[in-house]
Each structure stands twice: as C-alpha cells, then as structure tokens.
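*Asks:* Listed here are the chains, written in short residue letters.
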Amino acid sequence: MAQPEKHVIEVKGLTKTFGSLVAVNALTFSVNPGEVFGLLGPNGAGKTTLLSMLCTILKPTSGTALINGFDVTKHPSDVRRSIGIVFQEPSIDDRLTGRENLEMHANLYGIPVPIQKKRIDEVLELVELQDRADSLMRTYSGGMRRRLEIARGLLHYPKALFLDEPTIGLDPQTREHIWHYVSELSKRENITMILTTHYMEEADKLCDRVAIIDHGKIVALDKPEQLKAGFEGDVISVKTVAVKELAEKLRGSNLVREIREHDGELKLIVGDGGKVLPRVVEAAAEIGVYIEAVSIHKPTLEDVFMHYTGREIREEGGDEYHGLAAIKRRGIK
Amino acid sequence: MSELRGIYTLWLREVKRYVREKTRLISSFVQPLLWLVIFGSGMRLTSLGATSVSYQQFIFPGIVGQTLLFTSMFMGISVIWDREFGFLKEIMVAPISRLSVFIGKMIGGSTDAVIQGSFVFVFSFIVGVRVSVEAFLLSLPVMILITFGMVSVGLTLASLMESLESFGAIQTFVNLPLFFLSGALFPLTYVPDWLRWVSVVNPLTYGVDALRIIILGKAWTPIAPLYYDLLALVIFDLAMVFVSTEIFGRRK
Numbered sequence: 008m009a010q011p012e013k014h015v016i017e018v019k020g021l022t023k024t025f026g027s028l029v030a031v032n033a034l035t036f037s038v039n040p041g042e043v044f045g046l047l048g049p050n051g052a053g054k055t056t057l058l059s060m061l062c063t064i065l066k067p068t069s070g071t072a073l074i075n076g077f078d079v080t081k082h083p084s085d086v087r088r089s090i091g092i093v094f095q096e097p098s099i100d101d102r103l104t105g106r107e108n109l110e111m112h113a114n115l116y117g118i119p120v121p122i123q124k125k126r127i128d129e130v131l132e133l134v135e136l137q138d139r140a141d142s143l144m145r146t147y148s149g150g151m152r153r154r155l156e157i158a159r160g161l162l163h164y165p166k167a168l169f170l171d172e173p174t175i176g177l178d179p180q181t182r183e184h185i186w187h188y189v190s191e192l193s194k195r196e197n198i199t200m201i202l203t204t205h206y207m208e209e210a211d212k213l214c215d216r217v218a219i220i221d222h223g224k225i226v227a228l229d230k231p232e233q234l235k236a237g238f239e240g241d242v243i244s245v246k247t248v249a250v251k252e253l254a255e256k257l258r259g260s261n262l263v264r265e266i267r268e269h270d271g272e273l274k275l276i277v278g279d280g281g282k283v284l285p286r287v288v289e290a291a292a293e294i295g296v297y298i299e300a301v302s303i304h305k306p307t308l309e310d311v312f313m314h315y316t317g318r319e320i321r322e323e324g325g326d327e328y329h330g331l332a333a334i335k336r337r338g339i340k
Numbered sequence: 161m162s163e164l165r166g167i168y169t170l171w172l173r174e175v176k177r178y179v180r181e182k183t184r185l186i187s188s189f190v191q192p193l194l195w196l197v198i199f200g201s202g203m204r205l206t207s208l209g210a211t212s213v214s215y216q217q218f219i220f221p222g223i224v225g226q227t228l229l230f231t232s233m234f235m236g237i238s239v240i241w242d243r244e245f246g247f248l249k250e251i252m253v254a255p256i257s258r259l260s261v262f263i264g265k266m267i268g269g270s271t272d273a274v275i276q277g278s279f280v281f282v283f284s285f286i287v288g289v290r291v292s293v294e295a296f297l298l299s300l301p302v303m304i305l306i307t308f309g310m311v312s313v314g315l316t317l318a319s320l321m322e323s324l325e326s327f328g329a330i331q332t333f334v335n336l337p338l339f340f341l342s343g344a345l346f347p348l349t350y351v352p353d354w355l356r357w358v359s360v361v362n363p364l365t366y367g368v369d370a371l372r373i374i375i376l377g378k379a380w381t382p383i384a385p386l387y388y389d390l391l392a393l394v395i396f397d398l399a400m401v402f403v404s405t406e407i408f409g410r411r412k
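These protein sequence lines are chains P and Y, in that order.
Sequential numbering from 8 applies to the first sequence in the numbering used here.
Sequential numbering from 161 applies to the second sequence in the numbering used here.
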C-alpha cells in the first residue's frame, strides 16, 4: 500500500542509457503535492525519456522513482493507476466520439460504472467540450483534441498529471487557451502536474517550479522568479553587423559579466544597464563598429536558460530549419 | 474483473470501428460474390470428391473460409493503425496486462471477421446451396475457431512489421498459399506430394473441411472426421494465441 508520502514524485539517481548515449543522467528531484513542476530543456535534452520512465513506458537503467509512493519498476500497475498522461503526439481514437474515448479510458482504468457518467460529464465540462462530446474525434480541431486528452488524463482521479509538450504544434491562440485550462485545473482540482516544454513563456506562466534540463542533467531548479532573480542585473541586446569584433572588444573590458552572440545580436549581461550602455556605445565607436539598435531589459527565463545551457531555445515558427527539425524529431519517435 | 472489463472495452472498440466503416462493409459483400458468381460459374471441375455437388456448391464453403482468412489477416492492420495514430500508447500505459490487450483485440477482430463471413451465407441461394438455419448456426463456432487463430497470425505479423506497406506485402505471401492449398477452390488430389504437406499443416484445410461437412452434409466426402477438424483448429488457435502473446508482450 502507498504510504501518505510527503512528495507525490520522488526521483533518486534516475539514469537511462541507450548504448553509449546517456539520455538521463542520475537525476534527483521531488515534486510536492499540488505543484506544477516544469521540465524545461532543448530538444533531445532527455525530457521525454525522463517522462517515459516515470510513466512506466521505459525501464530505468539505474536509480529509483516513486510516484504516489509506488516504485515505477516494481509496481508499474499501481503507478499507472496513479497518473494521467497527455502525450506529446495525439493518442486518441479518431473513429470514436469524444465520449466514447472517455468511456473506454474509464473502463481501462476500472472506474466503477455507476460514477462513470458523472465523472465523464465533469471532465468534459472542465475543458468545455460538453456540446461536442458526441461528435467523432476526427471532426475535432487540434486544440479540441488536446483538451479532450487533458480531460481523459484527469478522468481516473490521478495523483499526478503528466503533460508532455502540451501545446506543441498548436497556434498561439489555442496555446493560450490550453494554458488557461491547465492553470484553471491546478487551482480547481489541486492536482500535481509535471509538464515538459521548450517554450519559455509556458514554463514561466504555468509552473510553480522549473527544472532546466540539458544533456540529461538538471542544471538549475527553482521557482521561475527565483531563477530570474538569481540573475541580478540587466540584459543589453545590441544589434550590429560586426558581432564578433564588438564581442572581442567588450571581453577585454570589465563592463560585462557575460556575452552571448546569436543571429546578428549580442546579448550582454551586465550590472546596471543604464550605466553600462553608454560605455558599450563608446567602445563600439572606438573600434568603428556601427550599432543598429540597442535595448535594455530585465532577464527573462530565456536568458536564464541561455546562461545555463549556452544555447537558446527558439520559439517555434522562428525559422524554417527549426520547424523541419521538429517534424523530423516527432517522426522518429 | 478489471482485466475482463479491459478486454470487453477493447473488443467493443474494434467492433464499433468496424461497423462504422461503411466502405469496408460494402466491399466485404463484393469479393465473395465475385468469386462465387464469376469464378464459380466459369470453372467446372469433375473430380470434386463429391458426387452430387456442383462446382459452385463445392466452393461455397471454401469462399466462406477465404473470406474469414482474408479478413482475419487484415485485422492486423489495427495494430499498425494504433501505432501510427498514437493510440497504442494510451493502451500501453493503461493498468491492464498485455495479455488482456491482445485478447481484447483478437476477439474484436475475430468478431468482425465472423460477421463478414456470415455475409457470404446471404449469397448461398445464388449458387443454389440450401443452407438451413441449423447449418448456419453450426457453422458459427467453426468460423470462430478459424478466426481466433488467423486473427492472431495477423496481429502478430503486423506487430512485427515496421510499416503498412510491408504488412500488405507479407499478407499476400501468407494469404494466397493458405487459400490455394486449403482445398477451398479445388481438391488437392493432383497436387504434388511436397505441396500436399503444406495443406496438411494448413489450418484452413480443416476449417474448410469442417464447413463442408456442415453445409453440404452427406453429399460431401470429408477429408477427416468433424471432430478431427475441430481438434486441429483448437490446437492451431491455442498455439497461435500462445506465440502471439509472447511476441505482442515483447514489443516495447
């Protein structure tokens, strides 16, 4: 039996290797009841592998993970009953209606028949799909399918709900919609949620705590505000053609703490942006570099992320190459 | 209990999907009709192993068997569909055993195939075979026995295949030899010895023979006694369910 655990999820030294590739490297963390816990990382960071182990789809190479007090390797059935999952790719039967999909799920998870109908109506209402419940899934839009999957994940009163990239491939408006449901849900049902994402905004908006994952390791774990606050100072973005030259010049000075370059832009992490900016412009003038534009802003989660991973997570639709990579990645799975 | 409910749920799903697919239902009428009418009326064989039976009457139980074979094999496609459209994941993380998942799918596919096989009986009057209600009801358990094993083969092959195309290709390789060497279209009297061995281990041989015994009655000289046919089918089913659950459970 499950003891009343302090943590809904307790992960210790969890590792998964595929041949010589270490996908998840000795992760240790825990998730509190009612918390929305974010796993933020670039593609291939190991988020989905971690999630698959927690969902009992993959067997860990070593380490343990307890969910609701049940060990994922020793009691997979109990773990499965304790969790709801919204997969990254659609996983509904589109030849059945929304309600039929939910009924099937209820039966697979052994929800007593007398309470089935009431519970199904309840979750349908939660995602506002009551009036479409009896249409075939193939007539649903992408956002509606996602909502139905969220409803399905909640159906059997799970202790924890896993959301793997819940808004990937959705348009911005629908994404906002899903965010609304997710935060509404965490308030109303007080359910623990684990969410993987590579959208900064998503992690920032929804999560109580965020773990930044890179190369299978947690490189930072805290509340989004804390992550940003631990990052005192300002960020100056400088747009120029001569990124390299300017970066070299600034590295020689002690004006900036950190310099990152990407896409014809320099990101400078500095103490007081207002004071440093004029010096930067001067420095550029000294070596005859033309600055097209500058801006100062407070660090975002994106800056924090770049700091820890040395990389930038690009928003989808940013450029074609990234879009293709995303399709390819989804195709491989 | 919860396992039984899981099996029931997955069975219901397969049947619902099948019944909703109108084109599949219609096409299921057409193929046996073509065989019975065109092939059946154009061919005349003299040594049928039955004295007072016309060729169309002879192939009628064979076409029932063929329909069962082809539909059962085709049911494997549901595994590929589920994998392509992601639904397999929902089943795989559900708290029911792989055995139940397999059994639910298998019985579901078998139900669909038996429905399809039953349609063929509608055409019995066209070819002048008089099938009594009693004979039809007696055929049902035989049809179920044929499809259990065949659907298992289909599901197993499909779960081993990477794509829809390769499943289609392998299906032809399995379907046609089993069909031709079952005695469904012609008695295997003139078939060379090494090929006759294939028909001896071919489960459909016994299925078709059993159906002929029931449908044609005394006019048909059986290859083997009915109980022998049924025993062969039961052994085939058990063996296939065993092998399939092994392979099905291993995937992922």
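Calculated directly from the structure, the hints in this document are not laboratory data.
Here the structure is a predicted model, which means the values were calculated and not measured.
Treat the hints with care, since some could be wrong.
In the DSS-like style, the derived pairs of lysine-lysine whose C-alpha atoms are separated by at most 25 Å in a straight line are [said to hold, decoys possible]: (1) Lys124(P) x Lys176(Y); (2) Lys224(P) x Lys256(P); (3) Lys224(P) x Lys235(P); (4) Lys230(P) x Lys251(P); (5) Lys251(P) x Lys13(P); (6) Lys125(P) x Lys176(Y).
Residues on chain P that point at chain Y, a partial pick, calculated with CB under 10 Å [unchecked claim]: (7) Asp85; (8) Glu107; (9) Tyr188.
Covered stretches of chain Y, as calculated for chain P (at least 3 residues, CB under 8 Å) [to be verified]: (10) 218-225; (11) 321-333.
No residue lacks a Cβ here, since even glycine has one placed at the ideal position from N, Cα and C.
*Asks:* Against each hint, give a clear statement of whether it holds in the structure.
*Replies:* Hint check results:
A hinted pair counts as satisfied when its Cα atoms are at most 25 Å apart, and Lys124(P) with Lys176(Y) qualifies at roughly 20 Å. Our distance criterion of 25 Å between C-alpha atoms is broken by Lys224(P) and Lys256(P), whose separation comes to about 34 Å. For the hint pairing Lys224(P) with Lys235(P), the CA-to-CA distance comes to about 20 Å; that is within 25 Å, so the pair holds. Of the pairs offered as hints, the one joining Lys230(P) and Lys251(P) is violated, with about 34 Å between alpha carbons and a cut-off of 25 Å exceeded.
Under the criterion of a C-alpha separation no larger than 25 Å, the hint pairing Lys251(P) with Lys13(P) is inconsistent with the structure, at around 51 Å. The suggested pairing of Lys125(P) with Lys176(Y) holds, with an alpha-carbon distance near 23 Å, which does not exceed 25 Å. At a threshold of 10 Å, the smallest CB-CB gap from Asp85(P) to chain Y is about 8 Å, leaving the interface hint in force. The beta carbon of Glu107(P) is positioned within 10 Å of a beta carbon in chain Y (closest approach about 7 Å), and the interface hint is therefore held.
The criterion of a C-beta within 10 Å of any C-beta in chain Y is not met by Tyr188(P), whose closest approach is roughly 20 Å, and the hint is violated. For the segment 218-225 of chain Y, the proposed coverage by chain P is not satisfied: 0 residues have a C-beta within less than 8 Å of a C-beta in that chain, short of the threshold of three. Check result for the segment 321-333 of chain Y against chain P: violated, 0 residues qualifying (beta carbon to beta carbon below 8 Å, three or more required).
When held up to the earlier numbered hints, the structure conflicts with 2, 4, 5, 9, 10 and 11 and fits the remainder.
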